[in-house]
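K.L.:
Using the sequences provided together with the hints, build the complete structure.
As you go down the protein sequences, you meet chains X and F in turn.
Start counting the first sequence at 1; every next residue gets the next number (my numbering).
Start counting the second sequence at 289; every next residue gets the next number (my numbering).
Don't take each hint at face value.
Coverage of chain F stretches by chain X, computed from C-beta distances (three or more under 8 Å per stretch; other residues unrestricted) [unchecked claim]:
id, stretch
1, 404-417
2, 501-513
Label pairs and their computed distance ranges (CB to CB) [unchecked claim]:
id, chain 1, residue 1, chain 2, residue 2, range
3, X, V82, F, P381, 28 to 34 Å
4, X, W183, F, N419, 55 to 61 Å
5, X, L18, F, W296, 45 to 51 Å
6, X, R40, F, T327, 57 to 63 Å
Cut-off 35 Å, straight-line C-alpha distance, at most; resulting in silico cross-link-like pairs (DSBU-like, lysine-lysine) [claimed, not checked]:
id, chain 1, residue 1, chain 2, residue 2
7, F, K384, X, K12
8, F, K506, F, K340
9, F, K340, X, K137
Keep in mind that the hints were calculated from the coordinates and are not lab data.
Fair warning: this is a prediction, and the values are worked out from it, not measured in the lab.
Every residue gets a Cβ at the ideal spot worked out from N, C-alpha and C, and that includes glycine.
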Amino acid sequence: MTNRVRSRKSIKGLWAWLGLVPFFLFGIAFEIIPVLTLARSSLTARDTFTLQNFERALTPIFIESFRNSIQLSAATAFLGVVFGTLVAYAIITTRSVWVRNALTALADVTTNFGGAPLAFAFIVVLGSTGIVTLILKMIGITLYPDLFRIYSIQGLAVAYLYFQLPLMILLIIPSLLGLRREWREAAINLGASAAQYWLRVALPILLPSLLGGFLLLFANSFGAYATAWTLTGPDVNLVTVQIAALVRGEVQLDPALADALAMLSLAIMTLCIAGYQWLGGRARKEGR
Amino acid sequence: MKNDRGIWRIVVLTLFLMFMIVPFLATVLFSISVRWDRTLWPEGLTLEWWDKVTSRSAFETTLTNSFIVSFATMFALALLVTPTAYWAHMRVPRGKPFIEFLTIIPFGIPGVVLALALIRFYSQVPLPLINTPSILVAACMVIALPFMYRPVANALDAIDIHGLTEAAQSLGAGLGQTLLRVIVPNIMPGIISGCLLVFSTVFAEFTLANLLVGTRFKTFPIYLVEFTRFDGRQASALAVISFVIAWLTSLLIIWIAGRGGRPAESLGAR
Numbered sequence: 001m002t003n004r005v006r007s008r009k010s011i012k013g014l015w016a017w018l019g020l021v022p023f024f025l026f027g028i029a030f031e032i033i034p035v036l037t038l039a040r041s042s043l044t045a046r047d048t049f050t051l052q053n054f055e056r057a058l059t060p061i062f063i064e065s066f067r068n069s070i071q072l073s074a075a076t077a078f079l080g081v082v083f084g085t086l087v088a089y090a091i092i093t094t095r096s097v098w099v100r101n102a103l104t105a106l107a108d109v110t111t112n113f114g115g116a117p118l119a120f121a122f123i124v125v126l127g128s129t130g131i132v133t134l135i136l137k138m139i140g141i142t143l144y145p146d147l148f149r150i151y152s153i154q155g156l157a158v159a160y161l162y163f164q165l166p167l168m169i170l171l172i173i174p175s176l177l178g179l180r181r182e183w184r185e186a187a188i189n190l191g192a193s194a195a196q197y198w199l200r201v202a203l204p205i206l207l208p209s210l211l212g213g214f215l216l217l218f219a220n221s222f223g224a225y226a227t228a229w230t231l232t233g234p235d236v237n238l239v240t241v242q243i244a245a246l247v248r249g250e251v252q253l254d255p256a257l258a259d260a261l262a263m264l265s266l267a268i269m270t271l272c273i274a275g276y277q278w279l280g281g282r283a284r285k286e287g288r
Numbered sequence: 289m290k291n292d293r294g295i296w297r298i299v300v301l302t303l304f305l306m307f308m309i310v311p312f313l314a315t316v317l318f319s320i321s322v323r324w325d326r327t328l329w330p331e332g333l334t335l336e337w338w339d340k341v342t343s344r345s346a347f348e349t350t351l352t353n354s355f356i357v358s359f360a361t362m363f364a365l366a367l368l369v370t371p372t373a374y375w376a377h378m379r380v381p382r383g384k385p386f387i388e389f390l391t392i393i394p395f396g397i398p399g400v401v402l403a404l405a406l407i408r409f410y411s412q413v414p415l416p417l418i419n420t421p422s423i424l425v426a427a428c429m430v431i432a433l434p435f436m437y438r439p440v441a442n443a444l445d446a447i448d449i450h451g452l453t454e455a456a457q458s459l460g461a462g463l464g465q466t467l468l469r470v471i472v473p474n475i476m477p478g479i480i481s482g483c484l485l486v487f488s489t490v491f492a493e494f495t496l497a498n499l500l501v502g503t504r505f506k507t508f509p510i511y512l513v514e515f516t517r518f519d520g521r522q523a524s525a526l527a528v529i530s531f532v533i534a535w536l537t538s539l540l541i542i543w544i545a546g547r548g549g550r551p552a553e554s555l556g557a558r
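P.N.:
Next up, the structure:
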């Protein structure tokens with residue numbers, strides 16, 4: 001009797017899964033299968049399994065593109081974490097509710113902004129005849145052509161910070177708000193200095209959120225293409241720029257090479273996102 | 289001591305504000321300047337570049353194309369995600385991890401890799417998708433999926449869907465009626481936030497449009513990138529339009545979130 005009820009219930013439960021089929025079909029058709037196609041073709045040559053596509057992907061020019069992409073991502077993620085946390089702390093400790101809300105809204109508005117318009121705005125500000133460039137020249141700092149160029153990897157780093165900084169601010173504000181006033185008071189009462197409180201109490205609590213933020217910002221920058229393409233074109237050798245060039249032109253000539261590069265960057269991105277998810281779960285658990 | 293700390297905060301916040309605002313203001317001013325590359329202040333103001341760039345037929349075409357892709361993606365995602373999320377919350381909670389897995393994947397796939405993967409697979413199968421706006425919409429749906437799912441799922445978490453569904457069904461409502469007349473109105477702020485996030489993401493999308501359809505179906509960002517190489521002053525007017533559309537959409541999302549529904553979670557997808 002109970003068995004029959006249970007089996008009828010589980011059959012009903014199974015039928016219920018049918019309602020999710022359209023969504024799963026979409027995911028399989030446009031996420032899973034295309035990525036698996038890439039993986040398979042990156043690992044085959046003349047219908048046999050091989051690693052030779054990856055060997056060919058490790059030529060100096062592509063190795064350099066990975067080095068550039070990783071350096072750019074690490075630098076903008078690090079600066080984003082440091083300055084983002086600083087600004088976020090300044091925002092949440094501001095007394096005026098209006099200023100707090102306005103600045104949080106500004107971060108919200110700007111973090112999804114990137115690509116061509118952003119690149120162009122930075123040319124207007126920091127290009128060779130940009131307004132900040134002119135002001136700096138007046139006070140005796142000549143940026144061009146030796147000190148700084150917006151059309152270079154350093155220039156890209158400045159432009160990337162425009163979306164990295166607000167993303168970090170939005171990510172870290174909840175964690176900073178989770179730091180209780182009592183912890184600080186307890187530490188001070190026990191004779192800790194402000195620096196000791198930050199180093200020994202606040203930092204260890206914030207660490208998972210800071211690391212998670214770093215990983216998410218790293219991925220955010222590593223996958224970026226539009227801003228780099230508009231600002232520097234093919235001049236700066238980044239992984240995404242290389243893959244895009246292969247897609248546009250040479251993919252017919254050497255498709256497996258593009259696939260190998262794409263799989264390598266997918267591996268890096270997956271590590272970052274998985275690490276972010278894991279650390280996020282830890283931070284949430286500790287916050288409870 | 290107290291004063292010192294106040295000054296520290298003002299300096300940090302002022303620098304932040306300047307970094308975020310000056311590029312936009314400079315672009316606006318640049319777009320209405322006769323010339324602004326030799327002097328600190330523009331050598332006269334003009335609307336000539338705005339006139340020139342908006343009077344081209346390509347301006348209207350690309351703007352229309354971008355609106356078509358954005359709205360198509362938005363509606364398709366709303367239709368796909370809302371019933372799925374409701375059904376999973378209501379009847380198949382064990383399906384949720386799989387759904388969430390599919391909504392996290394897009395964060396891990398760079399736009400160039402997604403474009404490459406779609407081209408590699410769909411050029412092998414006999415479907416008329418490759419090089420068409422349809423594949424661009426499908427790709428945009430993938431990257432915007434998390435932006436639609438998160439606010440809708442949050443909105444569903446915040447209401448008593450079991451109670452509402454039972455009440456509706458005890459009054460004789462079918463499944464479709466329950467969803468459309470009872471659930472959807474209750475999670476409307478979430479759906480609208482999701483739609484707006486999708487809209488602003490897709491409207492600004494350059495990578496996918498460039499690699500999947502390119503010049504066959506020019507979108508607004510592609511038009512803008514072409515101009516940055518050929519006429520900076522006209523490009524600046526287009527950049528201002530992109531800034532304004534993106535900022536207005538975000539402000540609308542914040543406003544809706546503030547009026548009810550939970551704040552929409554936003555993650556950069558560059």
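K.L.:
Take the hints in turn and mark each one as holding or not.
P.N.:
Hints versus structure:
1. 404-417: holds (count 8)
2. 501-513: With 4 residues closer than 8 Å to chain X, the stretch 501-513 of chain F meets the three-residue bar; holds.
3. X:V82 <-> F:P381: 28 to 34 Å: violated, 40 Å
4. X:W183 <-> F:N419: 55 to 61 Å: Holds: the Cβ-Cβ distance is about 59 Å, inside 55 to 61 Å.
5. X:L18 <-> F:W296: 45 to 51 Å: With Cβ atoms ~59 Å apart, the hint is violated.
6. X:R40 <-> F:T327: 57 to 63 Å: holds, 59 Å
7. F:K384 <-> X:K12: Satisfied, since the Cα-Cα distance of roughly 18 Å is no more than 35 Å.
8. F:K506 <-> F:K340: Status holds; Cα separation ~19 Å.
9. F:K340 <-> X:K137: Roughly 32 Å between the alpha carbons, so the hint for K340 (chain F) and K137 (chain X) holds.
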